[in-house]
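Visitor: Spelled out, the chains give:
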Amino acid sequence: MIYKRFLTIFTGVAIAAGILIFAMGSNAQESLQLQVNVVSITVCGNGVVESGEQCDAGGANGPCPATCSTFCTTNSCGGGGGGGGGGSYTSPTPQTVVNFSGRAYPKSTVTLLKDAQIVATTIAGVDANFQMSISGLSAGNYIFAVYSEDKNGNRSTLLTFPVSVTSGVTTNVSGIFIAPTIDVDKSEVKRGDNIAIFGQSTPQADIVISVSSEEEFFAKTISDRDGIYLHNFDTTILDYGVHYTKSKASIGNLLISSYGRVISFKVGTITVLKEIKPEISKGDLNNDNRVNLVDFSIAAYWYKRPSPPSSVDLNGDGKVDLVDFSIMAYYWTG
Amino acid sequence: MFKIQKIKIIIVVCLLLLSAVPTFAAEISFDAKTREVAIGEQFEVNIFLNTEEEYINATEGKVIFPENLLELKEIRDGNSIVNFWIERPKIKSDNQITFSGIIPGGYIGKKGLIFSAIFQSKNEGKGTIEIREAKTLLNDGKGTQASLSISNLQFLMALD
Numbered sequence: 001m002i003y004k005r006f007l008t009i010f011t012g013v014a015i016a017a018g019i020l021i022f023a024m025g026s027n028a029q030e031s032l033q034l035q036v037n038v039v040s041i042t043v044c045g046n047g048v049v050e051s052g053e054q055c056d057a058g059g060a061n062g063p064c065p066a067t068c069s070t071f072c073t074t075n076s077c078g079g080g081g082g083g084g085g086g087g088s089y090t091s092p093t094p095q096t097v098v099n100f101s102g103r104a105y106p107k108s109t110v111t112l113l114k115d116a117q118i119v120a121t122t123i124a125g126v127d128a129n130f131q132m133s134i135s136g137l138s139a140g141n142y143i144f145a146v147y148s149e150d151k152n153g154n155r156s157t158l159l160t161f162p163v164s165v166t167s168g169v170t171t172n173v174s175g176i177f178i179a180p181t182i183d184v185d186k187s188e189v190k191r192g193d194n195i196a197i198f199g200q201s202t203p204q205a206d207i208v209i210s211v212s213s214e215e216e217f218f219a220k221t222i223s224d225r226d227g228i229y230l231h232n233f234d235t236t237i238l239d240y241g242v243h244y245t246k247s248k249a250s251i252g253n254l255l256i257s258s259y260g261r262v263i264s265f266k267v268g269t270i271t272v273l274k275e276i277k278p279e280i281s282k283g284d285l286n287n288d289n290r291v292n293l294v295d296f297s298i299a300a301y302w303y304k305r306p307s308p309p310s311s312v313d314l315n316g317d318g319k320v321d322l323v324d325f326s327i328m329a330y331y332w333t334g
Numbered sequence: 335m336f337k338i339q340k341i342k343i344i345i346v347v348c349l350l351l352l353s354a355v356p357t358f359a360a361e362i363s364f365d366a367k368t369r370e371v372a373i374g375e376q377f378e379v380n381i382f383l384n385t386e387e388e389y390i391n392a393t394e395g396k397v398i399f400p401e402n403l404l405e406l407k408e409i410r411d412g413n414s415i416v417n418f419w420i421e422r423p424k425i426k427s428d429n430q431i432t433f434s435g436i437i438p439g440g441y442i443g444k445k446g447l448i449f450s451a452i453f454q455s456k457n458e459g460k461g462t463i464e465i466r467e468a469k470t471l472l473n474d475g476k477g478t479q480a481s482l483s484i485s486n487l488q489f490l491m492a493l494d
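Top line first, the protein sequences correspond to chains A and B.
Going by my numbering, the first residue of the first sequence is number 1, and it counts up by one from there.
Going by my numbering, the first residue of the second sequence is number 335, and it counts up by one from there.
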C-alpha cells in the first residue's frame, strides 16, 4: 500500500474582515456610563480561600471535627471532654449548593431562575439585601437569573450569570445588584414642561438617569430610605418626538448596577398623563402577567407561519421570527 | 496485512466579519484543534458563542459541511447555553444543520456552547465547515441584531 506523506502546512487563513467603525456617542457626559454590575462567583470546596470565605480546606470541609465547614466558615468544635468510644463515623456526603446574595429593592420579591425556570423566590430586607440558596443540583453549567418587582409592581430587567456548578461544593454568587425600575408620569409631555422620571432601587443609592434620542442627556438623583427616586426632567432641551429613558444605580464606587429597562415618552404640543400601573410585558401572549414557556409555545406555533396575530408579532413586521423571540426573551419572567 | 490508514485533520480558523459598525462583535466559532483520526473514525466539533461585552438572547444559523468528506453522526445539545430551541439543531439536508434558540435574560461569556456535532471522516480532501445566515440578537427588548463575526473551520485531511 502506498502512503502519501502529509507535507502541506496549511497557512492560508482567509480573512474577510469588515472595518470596525467605533460608534462613539456625541455627549461628553458619556463618561458616566462606564461600568456594569460585577457579580462575584466563589467556590467553597476548591481549597482556595476566596472573598467571603473564612476558610476552605477543599475536600476536608465538613462538620466537626473538621475545622472548616461545608459553607467555608470556621467550625467551633469546642474542646475538652473525653471518654466514649466505639461506633464508626461516616462523613456526610457534601451537598452541592449555590448561594446567591445581593441587593434589590426594600421588601421586594426577588425571583431566581435556573435555565429560565423559576426555582426560588425570597423577600429582600428593608435594606434591600437578599440572599437565597438552592441545593441538590447536578454538576454542570447553568444560566441563573434574578429579577425583582418594585412597590408599584414594575419589574426589573433580568440579571443573568452563567455558573459552572461542581458536585459536592458550595458556589457563592455574591454582589448581585439588580438595576432600578423606571417609569414616567406622562406618556406625552408638552415641550418645555417637566416630566417626572421615577422608580425604585436600594436606599440611598446614586441614580443616574439617561434620556436619549439623537443626543443623550444625563441627570443624577439619590434614592430615599425606601429606595424611591424621582427626578423632574426639563424637556426644554429635547426635540419634538419620541425619547427613551433608563436608569442605573451605584453605591459609593463599589457597586454599580447595569442600566435597567428602557421606556419611552413623547415630547409634543400637549401633555397626556400616564396611568401609573405595571407595564404589561411584551411577550405575555396569554395575558397571565407572566412571560414563560406557555408564551414561548404560542409564539413557536406561529414561527414562520403566514398572517400571525398581532399579539404574537411583537415587532409588528407581519411575521414571527427570531426578533419576536428575542423581545420575548428580554421580558421573560419564568 | 491491513494497516489502519491515519488521516490528519488540520483545522484553520477563517474569520468572516458579517457586520460593520461594531465596538465589539460577538463571535460564533468552532473549537479548533488539530486532530488525528482514522478514516471512518468519529470526532466532535463544538460550536461556541463568544458574546464579548454584549448580552445576547437569541441566535440562529446554519452549519454547512462537505458531505463528500464528512458524515454527520449525531448532534448533542446538552449543556447548551440555549434554554429554549425554536428549531432544535437538526440535519436539514445531507450537509446542513439548522438551529435557532433563545436565552431568556441573555448570555454574556466567552465560550458558551451552542451545540456539538459528531462527524465521521469519509475521505481525504480539503474542506470547510461553515456557518451561514447566522444571527445573534441583543437582549435589549427590540431584537437588535448584534455585530457578528464568524470563524469557519478549514480542514485538510490527508493520509499520514
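Hints in this document: simulated from the structure, not taken from any laboratory.
Hints may be right or wrong, so weigh each one.
What the hints assert, rightly or not - Pair by pair, the computed Cβ-Cβ distance ranges are:
1. N287/A - Q454/B: 44 to 54 Å
2. I452/B - Y301/A: 40 to 50 Å
3. K444/B - P309/A: 34 to 44 Å
4. Q454/B - A300/A: 49 to 59 Å
5. I452/B - G140/A: 54 to 64 Å
Unchecked claim - Taking lysine-lysine and the DSSO-like style, the derived pairs with C-alpha atoms no more than 30 Å apart in a straight line are:
6. K304/A - K396/B
7. K407/B - K444/B
8. K151/A - K476/B
9. K114/A - K282/A
10. K266/A - K396/B
11. K445/B - K114/A
12. K319/A - K151/A
13. K407/B - K282/A
14. K426/B - K190/A
15. K424/B - K190/A
16. K114/A - K186/A
17. K426/B - K274/A
18. K282/A - K456/B
19. K476/B - K456/B
20. K266/A - K407/B
21. K476/B - K190/A
22. K407/B - K476/B
23. K304/A - K460/B
24. K190/A - K107/A
25. K456/B - K304/A
26. K396/B - K319/A
27. K319/A - K190/A
28. K426/B - K444/B
29. K220/A - K476/B
30. K266/A - K426/B
31. K456/B - K319/A
32. K319/A - K407/B
33. K304/A - K476/B
34. K456/B - K220/A
35. K476/B - K186/A
36. K424/B - K444/B
37. K304/A - K266/A
38. K220/A - K190/A
39. K456/B - K114/A
Backbone N, C-alpha and C define an ideal beta-carbon position, used for all residues, glycine too.
Visitor: If a hint holds in the structure, say so; if it doesn't, say that too.
Guide: Now the hints, each set against the structure:
| no. | hint | result |
| --- | --- | --- |
| 1 | N287/A - Q454/B: 44 to 54 Å | holds, 49 Å |
| 2 | I452/B - Y301/A: 40 to 50 Å | violated, 31 Å |
| 3 | K444/B - P309/A: 34 to 44 Å | holds, 39 Å |
| 4 | Q454/B - A300/A: 49 to 59 Å | violated, 32 Å |
| 5 | I452/B - G140/A: 54 to 64 Å | violated, 20 Å |
| 6 | K304/A - K396/B | holds, 16 Å |
| 7 | K407/B - K444/B | holds, 27 Å |
| 8 | K151/A - K476/B | holds, 26 Å |
| 9 | K114/A - K282/A | holds, 21 Å |
| 10 | K266/A - K396/B | violated, 41 Å |
| 11 | K445/B - K114/A | holds, 19 Å |
| 12 | K319/A - K151/A | violated, 36 Å |
| 13 | K407/B - K282/A | violated, 40 Å |
| 14 | K426/B - K190/A | violated, 55 Å |
| 15 | K424/B - K190/A | violated, 54 Å |
| 16 | K114/A - K186/A | violated, 36 Å |
| 17 | K426/B - K274/A | violated, 49 Å |
| 18 | K282/A - K456/B | violated, 49 Å |
| 19 | K476/B - K456/B | violated, 44 Å |
| 20 | K266/A - K407/B | violated, 55 Å |
| 21 | K476/B - K190/A | holds, 27 Å |
| 22 | K407/B - K476/B | violated, 37 Å |
| 23 | K304/A - K460/B | violated, 36 Å |
| 24 | K190/A - K107/A | violated, 36 Å |
| 25 | K456/B - K304/A | violated, 36 Å |
| 26 | K396/B - K319/A | holds, 20 Å |
| 27 | K319/A - K190/A | violated, 35 Å |
| 28 | K426/B - K444/B | holds, 28 Å |
| 29 | K220/A - K476/B | holds, 26 Å |
| 30 | K266/A - K426/B | violated, 46 Å |
| 31 | K456/B - K319/A | violated, 41 Å |
| 32 | K319/A - K407/B | violated, 34 Å |
| 33 | K304/A - K476/B | holds, 18 Å |
| 34 | K456/B - K220/A | violated, 64 Å |
| 35 | K476/B - K186/A | holds, 22 Å |
| 36 | K424/B - K444/B | holds, 24 Å |
| 37 | K304/A - K266/A | violated, 33 Å |
| 38 | K220/A - K190/A | holds, 22 Å |
| 39 | K456/B - K114/A | violated, 41 Å |
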